[in-house]
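Participant: So the chains spell out like this:
Number of protein chains: 4
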Amino acid sequence: MPFAYTRTIHFPDTDAAGVVFFANYLAICHEAYEEALGAAGLELNRVFIANGLLCPISKSTCDYLRPFACGDKVRVVVRPELLTPDSFALNYEMFRLGPPEKRAALARTEHVCIRTATRERTALPAELLAWINAG
Amino acid sequence: MPFAYTRTIHFPDTDAAGVVFFANYLAICHEAYEEALGAAGLELNRVFIANGLLCPISKSTCDYLRPFACGDKVRVVVRPELLTPDSFALNYEMFRLGPPEKRAALARTEHVCIRTATRERTALPAELLAWINAG
Amino acid sequence: MPFAYTRTIHFPDTDAAGVVFFANYLAICHEAYEEALGAAGLELNRVFIANGLLCPISKSTCDYLRPFACGDKVRVVVRPELLTPDSFALNYEMFRLGPPEKRAALARTEHVCIRTATRERTALPAELLAWINAG
Amino acid sequence: MPFAYTRTIHFPDTDAAGVVFFANYLAICHEAYEEALGAAGLELNRVFIANGLLCPISKSTCDYLRPFACGDKVRVVVRPELLTPDSFALNYEMFRLGPPEKRAALARTEHVCIRTATRERTALPAELLAWINAG
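The listed protein sequences correspond, in order, to chains Y, P, W and Z.
Numbering of the first sequence is given in our numbering, commencing with residue 1 and proceeding in unit increments.
Numbering of the second sequence is given in our numbering, commencing with residue 1 and proceeding in unit increments.
Numbering of the third sequence is given in our numbering, commencing with residue 1 and proceeding in unit increments.
Numbering of the fourth sequence is given in our numbering, commencing with residue 1 and proceeding in unit increments.
In case anyone wonders, no lab produced these hints; they're calculated from the structure.
Careful: at least some of the hints might be erroneous.
[Said to hold, decoys possible] Chain Z side only, calculated, beta carbon under 10 Å to chain Y, not exhaustive:
(1) F11
(2) A69
(3) C70
Glycine residues also receive a C-beta, built at the ideal position from the N, C-alpha and C atoms.
Taking the hints into account, I'd like the entire structure generated from these sequences.
Facilitator: Below, the structure written as structure tokens:
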């Protein structure tokens, strides 16, 4: 059962076209990732920073299917996917809740695990790997 | 009983100092205002835009008492206050949830009701006035 | 000669990892697009909104090659590309100015021209088409 | 002669009301502060972070006089003011360039110098003090 994150669209998410600014779809997906980790007991500070690790994003893609206006409810479903021992992807489906509920976007981010000090690639921490494999 | 809005602090809220960027305290307060209106059945689109009205902010103030880091929980308590027949204020208390819970900021925004077409001041809509007076 | 937009990275662009938040690379690319249109005498309000048109983004991709910190200078090179009579793409190269200058990201957005009222696809306005073909 | 920072208003600055979101006035003022320091040869990283210092904002106020739309030019004039040996204020005037040019906002932020490690107040660094006194 993949993790789902739901929240309301607010004014600061939108732009002068009256709908959520395209780059903010990705910011909302990142919120969902953080909430998914948090729900699994994996705090970013503890898993990454305390271990001298970072997992920067190497690639993002987003297909925009429908707009979101202020007051709309968005649900983001997050599915992790292992790529290599030191990288993973997150696949996001965004829904605009209804009725009727509509799929509003498909996004994906790819993450590489590096040592903060040297910026060299290193294996994913075991806890994170377990979460990815369970997804 | 004033309205309270709680959410988690996410990466996009923060800046390179590692904590929530000061202007984003006000954005989070505005989210709380939107949620308070929504909880009262007052959608911004219906109450304002459909009536040709806007309530732009004429003044903001914020006292910053404590920082918020990623993963912290923030609770915002919203207290509306009538100023004149065409203006109101929102008083916000922001708490960083604990334990121990700590007061993290005090903010205030002042709003003036205007006609979108002419930008002239006009009386607050009755529904909004009722919500302010109930706060 | 493609259009280039240069600016400094500021605190609000960054997140708690100390560098520009990944979704903000796309926001900075959109700034470059707006500046490119402006330099060509094509204001968004006049070309799109006054004609009842919108060009929402249907797809974005970004490859992140290097981080940006506060105070870094970013240069964004924008290359438009016609896709169909009612759609176009923008190809962005982002550089972190030096010395030495380094390529920091490659991004792309795809845009579809629609009528605001009906949300049906419609041909790109002639002025915009001319700008795309000149790029 | 106070420092002035000019830039164009972009889509990501705005919200669904069609104009710059109120909290973003303060973000734009902070950009102007960063540019003013940069123009004086004072990089945030070198002056603050390398010395184990931070100057978090303890208070902000903003009076909003006029809206900014996409494509508008904003000019921000920054005037520093010493408050105590360990704190200072920045007074901002925001103008919407014309013709005719109009004053659009008056903002102020108060900053306290602290040691990052202990979060205790400490005297402003000499370079910063010189810049404030010259303002």
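Participant: May I ask which of the numbered hints given earlier this structure violates, with the numbers listed in increasing order?
Facilitator: Hints that this structure does not satisfy do not exist here, as all of them hold.
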